[in-house]
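For the protein sequence lines, the chains are B and L, in the order given. When we follow the numbering used here, the leftmost residue of the first sequence carries the number 1, and every step to the right adds one. When we follow the numbering used here, the leftmost residue of the second sequence carries the number 1, and every step to the right adds one.
Incorrect hints may have been included.
[Unchecked claim] Derived SDA-like pairs: lysine to any residue, alpha-carbon spacing no greater than 25 Å straight-line: (1) 88/B <-> 34/L; (2) 88/B <-> 138/L; (3) 73/B <-> 95/L; (4) 119/L <-> 86/B.
The hints are simulated quantities; they were obtained by calculation from the structure and are not laboratory data.
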Amino acid sequence: MACRVEAEVKGSVLLLRMSGELDHHEVGPIRKELADLMESDSIRHIILNLAKLEFMDSSGLGLILGRYKYLQKIGGNMVLCAATPTVKRLFEMSGMYKILMVEISEERALSRLEAVQ
Amino acid sequence: MKNKLTCNFSSISENEGLARMIAASFIAQYDPTLGELSDIKTVVSEAVTNAIIHGYNEEGFHEVCMRLSIDNRILTIEIEDQGKGINEVDQAMQPLYTSRPDMERSGMGFTIMEHFMDKVEVHSSQSRGTVVKMVKQLSAVKANCM
Numbered sequence: 001m002a003c004r005v006e007a008e009v010k011g012s013v014l015l016l017r018m019s020g021e022l023d024h025h026e027v028g029p030i031r032k033e034l035a036d037l038m039e040s041d042s043i044r045h046i047i048l049n050l051a052k053l054e055f056m057d058s059s060g061l062g063l064i065l066g067r068y069k070y071l072q073k074i075g076g077n078m079v080l081c082a083a084t085p086t087v088k089r090l091f092e093m094s095g096m097y098k099i100l101m102v103e104i105s106e107e108r109a110l111s112r113l114e115a116v117q
Numbered sequence: 001m002k003n004k005l006t007c008n009f010s011s012i013s014e015n016e017g018l019a020r021m022i023a024a025s026f027i028a029q030y031d032p033t034l035g036e037l038s039d040i041k042t043v044v045s046e047a048v049t050n051a052i053i054h055g056y057n058e059e060g061f062h063e064v065c066m067r068l069s070i071d072n073r074i075l076t077i078e079i080e081d082q083g084k085g086i087n088e089v090d091q092a093m094q095p096l097y098t099s100r101p102d103m104e105r106s107g108m109g110f111t112i113m114e115h116f117m118d119k120v121e122v123h124s125s126q127s128r129g130t131v132v133k134m135v136k137q138l139s140a141v142k143a144n145c146m
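If we strip away everything but chain B, and leave its shape as in the complex, we get (with noise of 0.2 Å):
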């Protein structure tokens, strides 16, 4: 099944919806779009809403630490919210559950955005 991406644009906060099976076939083209998305739009925050991401493997991290590093270089800071059990036991086996921000929904993410800034 493939992966879809709704991105939103909030001020300098990029909310995105993930669907689907995030896995190595899916990461590629999704890279390429965040990246251009992320330039252009001048962002600097990510909040990350995982609850219809069925799937998720390794590339899928890869992925999400990428554009991590890339938030922390410039500053910005990265919300995970919503994460099913078995994508969030995921994060949590490779360490990054402890590095990222870990809210219950958008809302209380845009919140800890705000209240960070």
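The hints should help you fit chain L onto chain B, whose structure is shown.
Here is chain L on its own, set in the frame of chain B:
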């Protein structure tokens, strides 16, 4: 009860999802838990992706072989490629290690396989290919009758 399934498919990334679906369908008939089903899909995805990216450098004209077998609820999965092989298997299996930092890989593939399966063995020789063999005991089926 014993059962097995073997399939060969082209080394193209489209087939990562197909391999996951085949493996999930194969074990679905043995009433796995949802967690087991998701573990199996993940490890198949990791091993097939490794074969395509690392074994074959993303050249799509090769073949990946997947062998699934089950005996007494012990599931064995073998993913084989005839690609370039792994130089240092121990190093490749370290968490966060990747031979392709240029590709933004997380380096978590083998760590995930070891975490989700009871046993992972890697047999590799240079220029001849790699076989990843993974074993997992599925939990007993709970009796569901009144």
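To see whether the hints hold, each was checked on the structure:
no. : hint           : result
1   : 88/B <-> 34/L  : 15 Å, holds
2   : 88/B <-> 138/L : 22 Å, holds
3   : 73/B <-> 95/L  : 24 Å, holds
4   : 119/L <-> 86/B : 20 Å, holds
The structure agrees with every numbered hint stated previously.
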